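**Q** Okay, here's what each chain looks like letter by letter:
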Amino acid sequence: MEIPYTISTRPDTGLWNAKVGIWLFLASEVMLFGGLFSAYIFLRLDALPGEWPHGLLNVPVGAMNTAILIISSVTVVLAWAALKMRRYRAYWWYMLVTILCGIIFLVVKLTYEWPQKFEHYGAKLKPEALAKYEKYLGNERRTEKGLEPRVEITGHLENHEALADPNIKEFEIGLDPVYVEPNNPANDRPHFFYVPPTDHVAKIDKEDVERNTSFGPWHNQYFATYFTITGLHGLHVLGGVLVFTYMWLPVSKKVYQRNPEHLANRVEVSGLFWHFVDLIWIFVFPLFYLL
Amino acid sequence: MNNPPDISQDPAEHEEYAHGVHQHVMRYVMVGVTLLVFTALTVALSYVNFGTAKANIVVAMLVATFKAGLVAAIFMHLAAEKRLIYRVLIFTAFFVLGLFFLTYLAWYNPIVR
Amino acid sequence: MDASTSAAAHHESHEHHGEHEHHELGWWRKYVFSTDHKVIGIWYGVCGLLFLFFGFSLMMMMRFQLAYPGHAMPVIGGVLSKIFGPGTMDGGKMAPEFYNSLGAMHGTIMIFLGVVPVAFAAFGNFVVPLQIGAPDMTFPKVNAASFWAFFVGAAVMVASFFVPGGAAKSGWTSYTPLADIADKGPHYHLIWNGQTMWILGFIFLITSSLLGAVNFITTIIQLRAKGLTWMRLPFFVWTQFVTAFLLLLAFPPLEAALVMQFMDRVAGTSFFLPTGLVVNGAAVHISGGGSPLLWQHLFWFLGHPEVYVLILPAFGIVAEIIANNSRKPLWGYKSLVFSVLVIGFLSFIVWAHHMWLTGMGSTVSAFFQTTTLLISIPSVIVLSAFFISLWGGSIRFTVPMLWATAFLPMFGIGGLTGIPLAFNSADLYLHDTYYVIAHFHYIVAPGTIFGLFAGVYYWYPKATGRMMNEFWSKVHFWPSLICMNVIFLPMFLQGMLGMHRRWYDGGQGWTIGNEHVWGLSGFQWNTPISWAAWTMGLAQIPFIINFFWSIKHGKKVDDNPWEATTLEWTAPNRPPHGNFVITPVAYRGPYEYSLPGREKDFTMQNEPVEETERTRRRPEPETVLA
Amino acid sequence: MISLALINQFLGQPPNASEHGYQIDHILEFAHWFMGALFLGWSAYFVFVLIRFRRRKHPRADYHGVKSAISTHLEFSVVLIEAVLLIGFAIPLWAKRVNEFPDTKDAIVVHAVGQQFNWNFHLPGPDGQFGRRDVNLVSNSNPLGLDQNDPAAKDDIVTTGELHVPVNHPVIVELSSKDVIHNFALVHMRIAGDAIPGSLIPMWFKPVKPGTYEIICGQLCGLGHYGMKGTLVVDEPNEYQAWLKERAELAGGAASAPPATQRPPGEPAQAGPTPGTVPPPGAPKVGNPQLPQDKNAAPSPSPSGQ
Ligand code: HEA
Ligand code: HEA
Ligand code: CUA
Ligand SMILES: [Cu+2]
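Residue numbers (our numbering), protein chains in the order written: chain G, 1 to 291; chain D, 1 to 113; chain A, 1 to 626; chain R, 1 to 306.
If we strip away everything but chain G, and leave its shape as in the complex, we get (with noise of 0.2 Å):
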């Protein structure tokens, strides 16, 4: 016996087999980003102020790699209905573009966002040890202002044999731009262009350091997040690339020979998913770009 439902959908339900299946499967990836952004939520209000870092993100780079999601959501759905009208060649473009998006999302991810964190030192700063760097914090005016007070000083760390060797008794930071100017209003805010670090270079007495670390995972709350929850979507793209590829090599025009409808309706139900992962990344975007 055949299984029935696999192509043309069941009466009552009016659904076929593999798309109750794929939301299905969507109901439990909502469950498990949905697990993810609880934490998000719970960690950042439980997080001490100035703990949780603003505008450490490239905005133009995260916004781009944003549209890049939206367009190629746009052309999968796109592919979907070449196939509906039976136009094979559109659906080739339009796929082919599909998964380019990806890989290019990916790529820019892996190359540049990343790693570029990985370089970023902050040393974070014990309490009592404030106001003695008063100069680059420029906490004074901040709290006059209502504004949340900065416990840490970020750049390129410039001599990384201080962090093995008890004998360097200082941290040399290439400061960020905002810690050179902390008393400048353009500095309040998260600047959209990224600044590179300047060659200011500023002393730390490791005394007065909490931690010192880079910008992986285990600097703080904010970077933990990001990267999990980064991480877990990037694999979320890289899984849909590969079946679009599947889809799109020449293996996939057979199925088409045989019956457009069935490759239509794989199409159907991987762009779901691939939809699914746009709309993570439409919340993803703000929250950790953004605020």
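Everything hinted at is true.
Keeping only pairs whose Cα atoms sit at most 30 Å apart, straight-line, the calculated BS3-like set for lysine-lysine is: (1) Lys334(A) to Lys226(A); (2) Lys67(R) to Lys600(A); (3) Lys57(R) to Lys555(A).
Distance ranges between label pairs, derived from CB positions: (4) Glu239(R) to Lys132(G): 49 to 57 Å; (5) Thr104(R) to His200(G): 49 to 57 Å; (6) Phe94(D) to Ile551(A): 45 to 53 Å; (7) Tyr47(D) to Pro196(G): 19 to 27 Å; (8) Phe162(A) to Glu170(G): 42 to 50 Å.
Keep in mind the hints are simulated off the structure, nothing from the lab.
The structure displayed is predicted, hence computed values, not measured ones.
Note that the Cβ used here is the ideal one computed from N, Cα and C, for glycine as well.
For this one, chain G is given, so just place chains D, A and R with the ligands on it according to the hints.
**A** Quick look at chains D, A and R with the ligands alone, frame taken from chain G:
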């Protein structure tokens, strides 16, 4: 048996069907453009000061929810889906919100002296 | 990972299409890498049973330590120390960290490698498609993927016993920060250590369950035979349906939590680590700011639905068997269905009853107490319906029926003792004592496991075409029933004494463990308990032999040996690939036993409604495909 | 009430020693009677049915079965009883525990800080002020990292393993932990609470019977969990004052009192009854069978990034 040959291979029927799909294509593109515009808007709004940081978050989340709604409704065809799928999603939404809300409650109702 | 598995889900779902054009499959494809739901179900079943036995063996070792703390285990102690390596059973004496490993792995293995695979995956796979008259699962390849994900997860779990430091030792609940810092000794390897492997294995198991759940739900929705409307589904199918939803929606938050714990362990994050930890006299260098309770919330968000995952399939099995052996319809079918739906729904909003003592204010605890008590009501309804079903029956004490009847009071004891735990003020006293251990073991051991045995004996003929030997089945049954009670009843006493769980010394070093109750001290009660556990181990031998021996030598039976009514019994014994010779159509409800005016005392679901019936009892309108 | 109480004793519950404890016992008793009644009722019915309707006696089953609504009534009464227990007992009792803390004026306030595998107690001393604690000051001789420069810390009392409280005074214990989650369980006082690192969870009780009681760690906290025992001594007021004085002298002496029972890291944890405490009468002479080694939980280095 349960998978009858595809009717849409019949040229006449297919013509009609394809026409229907064709009408949608424009809509997909429009939605895509709207999403891009709203992405720009989110970025812009994040540089506007709505008074408190919380207000900014709320605004950004409203925009994001609207965008997500568009994706779900149009790209994922949720605007016209079968009842069964709505049911599954309603339960899921309920449980996610339950997870958020109850954990929140538990968090902010500790024993205090 | 999810992405790629889901990806597999889409295309493979369509792929099987061409594959059913029958060509002889090779032995490997047919019996090992099969996509046939029955073969997969049987694989799940055999693996799951083996893991049950393995988990039980771990517990038998622990029971020695509890009864005779500090003594070297005679005879096998040395062997075990060779197997598990240094630092575990040196000189035959169990080390405390090894005790903790065994405890954590007993819990994990019993639940996730034993009961879930057997109750949900094995019976669900083997029975559900047959009962709904489907040729297979909707996504056979996903089904196979689900099994192999389980297999990998299980292999990782078992392998974790043999890495340096041994298997996970922070309890099956893996509470943080303990689990975050566990095993991080001097020779800490990032991946090859018990707790990290536990996490990885678990992620595979979750993947397996999610794939299975998607498949089951889709199958039940899409592949019901003609005429098999929702209210004509066998109760077992309903329980599997709800169970699948529990797994589908409750597992992912735990998966998220596992990912976070994994990051805590290997990437240096502090999701569950607060600021200012001092371990072993030294401040820990982490970013801090995390919350230990976040883990508990996410864990119990799964953990509570999970316990219903353990019990609902057993409800289903027992219901089938009671109807079949009392030869009358299940009483209150509709309220049963309604009850399991309500249980499923409520089980998502009661989880904090495992966290009464974590500093919960009165508003939240009032809410969770109320929902916890609410959820006990549908359970009461289910059990009452089973009891009432027996009234007026013509009860045959077949082997499956023996297990099913034993299930009822055993579940009753377990369920009833959940009630004091549900009141947080009473739980102040009982939390984490042996009372809790006794509570849930009454449900999962003489409860669920008996349900599983019932199911094995009941559907064995369908899977093999032969019956299991009745005499040896009874030799299996009676000692098991007695031993279970000797094991778990005294634990209530120990709990009331105030003895706590996870005590390596069995309570010997505690004043409380040396108070007397019913003639023995709390600690001394360990001895009869342990002996009963070992005796029960022996009592499983007839089952194991019977199980394998009967495949070849059992009594041959026809397609419907129990004279049952549901659709699986219309398929030929050892149903072929594709299951049914004639596509079944259902014309009536699932339990038409002793229908008045019929000669036979059972009327199968695929027997058309006769003219005479129509006039006499106004049958439901004959809907084909509601 | 007397007869109700019997069921708990029958099941082995040790006598209560706190003011509110009998209320906890009552709810347990009610629950047990309720469960017992249900269990016996159903069991009797069950046995009857199995015998009465066995195949030999009753060869043809009755298609329709029970028609009466008795089960509905039964279920309804179960709901009712559960509701009474919940609304009448459980919720108010809990509210009393967590919302109505006694006034600090007449209550003893103490911080209990769990660690693998010991209980540390921090008492504010005569000034009623807890001194500052800092994890960076934690050392062998200063298990809680008490900051001696803080004036409020001067008269503080820190003990390990043993806590004294006066009888008939409310005691507020604020729970926290240095490393992992522990649970501060006082079986005789019918009270318990988790000690969670990073939070401070208060709980209170009022001991009414002098004596020596066990403090149990009720949450798996590592390999020495089974031996993590503390002692609660409920003193008559004059004994309590004497103890306070003795402790205060110790605290005033050395920079900080090295508690007699503190365990240097890396050395085996305490096993069995904590040395320096009086074993309660009838306590077993046997120690715990094996000394736990502390390789389970070493400080966790951040694997990368520094
Ligand atoms: C399958 C498993 C299962 C099931 C079904 C249940 C069912 C219930 N459980 Fe249980 N529970 C566990 C498994 C289960 N539990 C486990 C594993 C733990 C410990 C986890 C850990 O910490 O490691 C636990 C722990 C646990 C706790 C936490 C205790 C603590 O840690 O301090 C609580 C508290 O509320 C609780 C309550 C309940 C309640 C109210 C029910 C209710 O749903 C019960 C409803 C049933 C009834 C009310 C019975 C009705 C029957 C009759 C009326 C008929 C009687 C007739 C005869 C007996 C003949 N359970
Ligand atoms: C499904 C869950 C399940 C099951 C079935 C069991 C079954 C048993 N459990 Fe377990 N247990 C747990 C889940 C379970 N347990 C959990 C979650 C914990 C808490 C862990 C923690 O603290 O973190 C626990 C803890 C626990 C403790 C407390 C340890 C401690 O706190 O220190 C004890 C003590 O005696 C115990 C005993 C037993 C015994 C004697 C059985 C017996 O009933 C076992 C009986 C088993 C069988 C009868 C299996 C027979 C199988 C076969 C015969 C198969 C044959 C094979 C083929 C045919 C191929 N268990
Ligand atoms: Cu501390 Cu257990
Ligand atoms: Cu529960």
